[in-house]
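> Here the protein sequences line up with chains G and B, keeping their order. Mind the numbering: the first sequence is residues 1 to 457 in the working numbering, read in order. Mind the numbering: the second sequence is residues 1 to 457 in the working numbering, read in order.
If you are wondering where the hints come from, they were derived from the structure by calculation, not from laboratory data. Positions of the beta carbon are idealized from the N, C-alpha and C atoms, including for glycine. A couple of the hints might just be wrong.
Claimed, not checked - Cut-off 30 Å, straight-line C-alpha distance, at most; resulting in silico cross-link-like pairs (DSBU-like, lysine-lysine):
1. Lys336/G / Lys313/B
2. Lys313/G / Lys36/B
3. Lys18/B / Lys41/B
4. Lys358/B / Lys137/B
5. Lys18/B / Lys313/G
What the hints assert, rightly or not - Some chain B residues judged to face chain G by a derived CB distance under 7 Å, without partners named:
6. Ser215
7. Gly220
8. Ala221
9. Ala234
10. Ala261
11. Asn264
12. Gln265
13. Met281
14. Pro282
15. Val288
16. Tyr307
17. Thr325
18. Arg327
19. Val355
20. Gly398
21. Pro401
There are 2 protein chains.
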Amino acid sequence: MSEAVLKYLEDNRESLLKKMENFLSIPSVSTDSSNKQDVLKAADFVANYLKEIGFHSVEIKETAGHPLVYAEWLEEKDAQTALFYGHYDVQPADPYELWDSEPFQPEIRNGRIFARGASDDKGQVFMHLAVFEAYMKTEGRLPMNLKVCIEGEEEIGSENLYPFLEDHKDKLTSDFAIISDSGMVEKGQPTMLYGLKGFTGLEFHVQGPNRDLHSGLYGGAVKNPAMAMSHLLASLKNPDEYVTVPGFYDDVEKLADEERAMMNQAPGENYTESIGIPETMPEKGFTVNEHLMARPTLEINGLTSGYQGQGTKTIIPSTASAKITCRLVPGQDPQKIQDLLVDYIENNAPKGVSVSVKREPLSAKAYKVDPNHPLLQKAADNLADAFGKDTVFVRLGGSIPVVESIDQMFGIPVVLLGFGTPEDNLHSPNESFPLDHFDKGMEVLVKYYRDVAYLEK
Amino acid sequence: MSEAVLKYLEDNRESLLKKMENFLSIPSVSTDSSNKQDVLKAADFVANYLKEIGFHSVEIKETAGHPLVYAEWLEEKDAQTALFYGHYDVQPADPYELWDSEPFQPEIRNGRIFARGASDDKGQVFMHLAVFEAYMKTEGRLPMNLKVCIEGEEEIGSENLYPFLEDHKDKLTSDFAIISDSGMVEKGQPTMLYGLKGFTGLEFHVQGPNRDLHSGLYGGAVKNPAMAMSHLLASLKNPDEYVTVPGFYDDVEKLADEERAMMNQAPGENYTESIGIPETMPEKGFTVNEHLMARPTLEINGLTSGYQGQGTKTIIPSTASAKITCRLVPGQDPQKIQDLLVDYIENNAPKGVSVSVKREPLSAKAYKVDPNHPLLQKAADNLADAFGKDTVFVRLGGSIPVVESIDQMFGIPVVLLGFGTPEDNLHSPNESFPLDHFDKGMEVLVKYYRDVAYLEK
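Please put together the full structure from these sequences, using the hints given.
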């Protein structure tokens, strides 16, 4: 039944690629005000494409920043309704000199299309639009209802997306959300991402003497702020990578044996090769995959104190400070964890110095959807069919704030159908996207939109 | 018997002050090659003064760097022979804009003479020369034998002094050394400095992944180098300020109750006021004075890792590093302590990272002379007489490398007769020296040189 749709994509591959290249050629760098017109041009491209395809009520919604494009097609009365989210803005391309071809003149080499946004996220957004086109051109309709929301500020924090979602909650209500803004664990390895970590953080400042002191004249009278900080930091996590702040793990959802087994099936990175470490260090009692995907973390992101230049300067530094962030798992409340950390640090501040804590204002809850949900199982099947390999189910240590927002606001499953690969160089020079993932990804989408259209709600 | 000598100093105070001002006017900044001629001019000043007074074999000794001035007066056959050491070079004067008067145009304000070098060390060297002059002019001879060695590279490490001492060991051999290049614990508080701490140090580098990593994508697989460093640093010293590296205290000379009592008589600084700390933190079981003067210390001088800018950057840093120095007490061998520290750090390097240690090449042994030695007791009496207050006996947490060298090379007591005050701003803008210390200090020197001339050898 989908053969005609797939054939349309095959027959029109060249023109679709050309069209995607036009989209990628627009330098829609959201952070750079000198690209404001380009950002608008990219919004126009998306809106016009949706209109051409036959979407209804296509609108370029103005915001306090860059606009977002909204469109609907709601003609399949009893079918599922999906909220398709993506973004048309991109990261800056500099340093330009490190690109092998122009970032905004897409070039195909070695089976990959090289351009800023090829993977993140214009290329993956385009795949959905092309699939919608293929359905419309062959069947005159989409297999299910769609609400499309493509924003222009993802790379600068989606500041204006959240109020928009909040203000149009009723209008946007859907049965599930679908997002293609992520990737697979390996090229060609079908991957279902069913969970993300949450986030909280803080920094603290240790104030000792009001100036750097001569270590000979004051050593023995004065608590060294760098040593005070070291004692405090060392007491946050033990050498088994277990966070020793009381209460930190209290609300962590227990990891079922079945899920642990599933996580351990995902292929692991060769860390010695990729990042040059002598050995991996997961939490005692957990594998690397388990810790990466399902156990919370506490990391020192940076610290500083005293003299850092060449040679020796025999001082007792006046101050020391450290930045800390945590990745959280389902069950943990970011606010509660931040409170625990702040209380711990304040209550355990060494004598002889004063410690002040600054809370990181941003936070996120972890996100997780049941990997056995039919919406995910179907996607996994479609991926396995197209890529000829069993799908692995993974959770990710990172956060995708929009996923958490959709989860919080709408309480609907979010299907993360990412087609990127680890070699895509997101946010770096020579971003690219593999063309076989382009082809097979569209095949997945064609089948998926049809297969889940009449799933029981 | 010394009345005439003292009267000479009183009668000639104006011209002596004028002469000292001439000496202080020479910008003998040893570190700045553009001042090379000025440095030579200061050496000439010292040599000419010694010749005028009547010293024999006055020589400006060329070295690989700035010259040193050597002179002898050895006419008092059976008397003691003192090696008088000082330096005629000074620290740079910048930042000039922070001086209230020109650093090389001495100015007298509020009972102090302001000029670079007024206290460190040209002013104090001049006091000895003026006392020698007073003796020669009134009695035609000095009360004891003197070997004078005034160098021009103290502020840049005395690199060429040590080979000179070594090469002229026999010629320089004396019964004791006398140095006025230090100060009193408070203005007007006679102070005998009878011990200095030694020194050793190192820095270590913790290498984690070969680049900063995304804390979400790698947190749980990778040992955080900043946390590894914190654990290592925290294990060097406990919250009681006790150094926990095995063997660190093994060779520390036991502190006699009598000496502890003596140390605690020295007035302490009001640290809350002077440096703004909430409370002092000496090693458990010791007072601040005891720790400052007689217990070894281990200080973190600086550390660095990862992101230190504004806001948050969610990384696992690639590296972390720390600089550490120790102040050592009599009994401790700097090389042995450095070995202990290096071994400890290497043997306790956390798993998952690699730790490399770089040894600080400079080191010094602690110095101590028996405070009951007649040479010190006599100085204490002379100080008490001149300043009208009992002399306190102290040891200092800092090092004076030349003292250690003289101790090692000649095995003679070093009498540290320092007349400076804590308010002298050594190495800082507005260096000054109090004129009443100039007057009373010369009185001390007049009496001291006579009183110890025929001490039993």
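> Compare the structure with each hint and give your call.
Evaluated hints:
For the given pair, Lys336/G sits about 21 Å from Lys313/B by alpha-carbon distance, which is consistent with the 30 Å threshold. Straight-line distance between C-alpha atoms of Lys313/G and Lys36/B comes to about 26 Å, which keeps the hinted pair within the 30 Å bound. For the hint pairing Lys18/B with Lys41/B, the CA-to-CA distance comes to about 17 Å; that is within 30 Å, so the pair holds. Restraint check for Lys358/B and Lys137/B: not satisfied, since their Cα atoms lie roughly 56 Å apart, outside the 30 Å limit.
Distance check on the hinted pair: Lys18/B and Lys313/G sit about 37 Å apart at the alpha-carbon level, beyond 30 Å; violated. Residue-level restraint check for Ser215/B holds (minimum Cβ-Cβ distance to chain G is 5 Å; threshold 7 Å). With a cut of 7 Å, the hint placing Gly220/B at the interface with chain G holds, because the nearest CB-to-CB distance is about 3 Å. At about 5 Å, the closest approach between the beta carbon of Ala221/B and any beta carbon in chain G falls short of 7 Å, and the interface hint on this residue holds.
The beta carbon of Ala234/B comes within 4 Å of a beta carbon in chain G, closer than 7 Å, and the hint placing it at the interface holds. Of the supplied interface hints, the one on Ala261/B is violated, with its beta-carbon coming no nearer than about 18 Å to a beta-carbon of chain G, more than 7 Å. For Asn264/B, the interface hint is violated, since its Cβ never comes within 7 Å of a Cβ in chain G; the closest pair sits about 13 Å apart. A cut of 7 Å between beta carbons decides the hint on Gln265/B: the least distance to chain G is about 17 Å, and the hint is violated.
Because the closest C-beta pair between Met281/B and chain G is about 4 Å apart, less than 7 Å, the hint holds. Satisfaction of the interface hint for Pro282/B is found here, the shortest Cβ-Cβ separation to chain G being roughly 6 Å, below the 7 Å cut-off. The criterion of a C-beta within 7 Å of any C-beta in chain G is met by Val288/B, whose closest approach is roughly 5 Å, and the hint holds. Against a cut-off of 7 Å between C-beta atoms, the interface hint on Tyr307/B holds, since the closest Cβ of chain G lies about 4 Å away.
Among the interface hints, the one on Thr325/B holds; its C-beta lies about 5 Å from the nearest C-beta in chain G, closer than the 7 Å criterion. Nearest Cβ of chain G to the Cβ of Arg327/B: about 5 Å, under the 7 Å cut. The hint holds. At a threshold of 7 Å, the smallest CB-CB gap from Val355/B to chain G is about 11 Å, leaving the interface hint violated. Hint status for Gly398/B: holds, given a least beta-carbon distance of 3 Å to chain G, under 7 Å.
Of the supplied interface hints, the one on Pro401/B is violated, with its beta-carbon coming no nearer than about 12 Å to a beta-carbon of chain G, more than 7 Å.
The earlier numbered hints that this structure contradicts are 4, 5, 10, 11, 12, 19 and 21.
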